[in-house]
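Top line first, the protein sequences correspond to chains A and B.
Going by this note's numbering, the first sequence opens with residue 64, and the numbers climb by one from there.
Going by this note's numbering, the second sequence opens with residue 629, and the numbers climb by one from there.
Treat the hints as calculated values from the structure; they're not laboratory data.
One or more hints might be untrue.
[To be verified] What follows is a list of derived Cβ distance ranges for each label pair: (1) L655(B) <-> T79(A): 47 to 57 Å; (2) L655(B) <-> Q216(A): 16 to 26 Å; (3) W120(A) <-> L649(B): 34 to 44 Å; (4) W82(A) <-> I635(B): 48 to 58 Å; (5) A687(B) <-> V151(A): 19 to 29 Å; (6) W83(A) <-> A639(B): 41 to 51 Å; (7) P179(A) <-> T709(B): 13 to 23 Å.
Quick reminder that beta carbons are idealized off the backbone N, C-alpha and C, glycines included.
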Amino acid sequence: MSGSSGQRNVPAGTITRGWWSSVASRAVGFGCLWLVLAGAQVGDVPAAAVAIAVATWTSLYLLEPGSSRRSLPAIARLASLFLYHSVVAGIDVAGRALNPRLPLRPGFVAYPTRLPRGVRQNVFTTLTSLLPGTVPAGEENGQIIYHCLDVTQPVLADLAAEEAALIRALYND
Amino acid sequence: MNLARDIMTIACVSTGAFFFLAGTVGLLRFPDTLTRLHALTKADNLGLGFVVLGLLPQAEGLRDGLKLISIWMFALLAGATVSQLIARAVRRSGAR
Chain A
64 MSGSSGQRNV
74 PAGTITRGWW
84 SSVASRAVGF
94 GCLWLVLAGA
104 QVGDVPAAAV
114 AIAVATWTSL
124 YLLEPGSSRR
134 SLPAIARLAS
144 LFLYHSVVAG
154 IDVAGRALNP
164 RLPLRPGFVA
174 YPTRLPRGVR
184 QNVFTTLTSL
194 LPGTVPAGEE
204 NGQIIYHCLD
214 VTQPVLADLA
224 AEEAALIRAL
234 YND
Chain B
629 MNLARDIMTI
639 ACVSTGAFFF
649 LAGTVGLLRF
659 PDTLTRLHAL
669 TKADNLGLGF
679 VVLGLLPQAE
689 GLRDGLKLIS
699 IWMFALLAGA
709 TVSQLIARAV
719 RRSGAR
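Could you put together the complete structure from these sequences and hints?
Given below as structure tokens:
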């Protein structure tokens, strides 16, 4: 997993303002996460402050603030597509595991992705590795190699649908 | 209303347990490391998801509910990243 990649060809003033607003929004996000996980106790404040600072720094280091627009309806569509694929394919994997004849046709499939190497491709592989039936197993010549339980399934079409939804949701620039 | 909540909990947690069972059976029956990896990650994704969904109606408040959902998200994130790393390592080394 490679670290950071981003676009630096944006005017400097925009970057600074955008950068500080991502620092603030990420710190608030981590603060909320702390409240959910650990609760609100006065004695915890120093530990919470350190954890939020370290988490924010790490997230900025690993994932540079991007300039692309995010659309909430598209994110909701991506989430529902993801849930639908998970349930359908999860039932499929469970059926194969419990089937006495164990119907597997495992193999590798190369998916020619439109996403650039780096963070975007990593987000895509992470998302698709959660989908039953596909596990990303590296890349070759700009193509992502997926290991599939059944290579006769329309894996490439599902991946393309997922990629299109991801681009509409997060990388619509 | 309590009855409806309990029924939802029983239904969802049982579904989650079924997916964990199927994942475990897959882990034992599938022939090599990569196919077993499928069985494992899928059990986490759907099995834990249904267990969390079933526990939500029993949560004491909003915070407990959000906590359950974050636990699911963390398990998903960990499973998603680690399964890729294992798959890459297996493919590179040619292990079975």
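Could you tell me which of the hints above the structure violates, numbers in ascending order?
Violated hints: none at all, because every hint is consistent with the structure.
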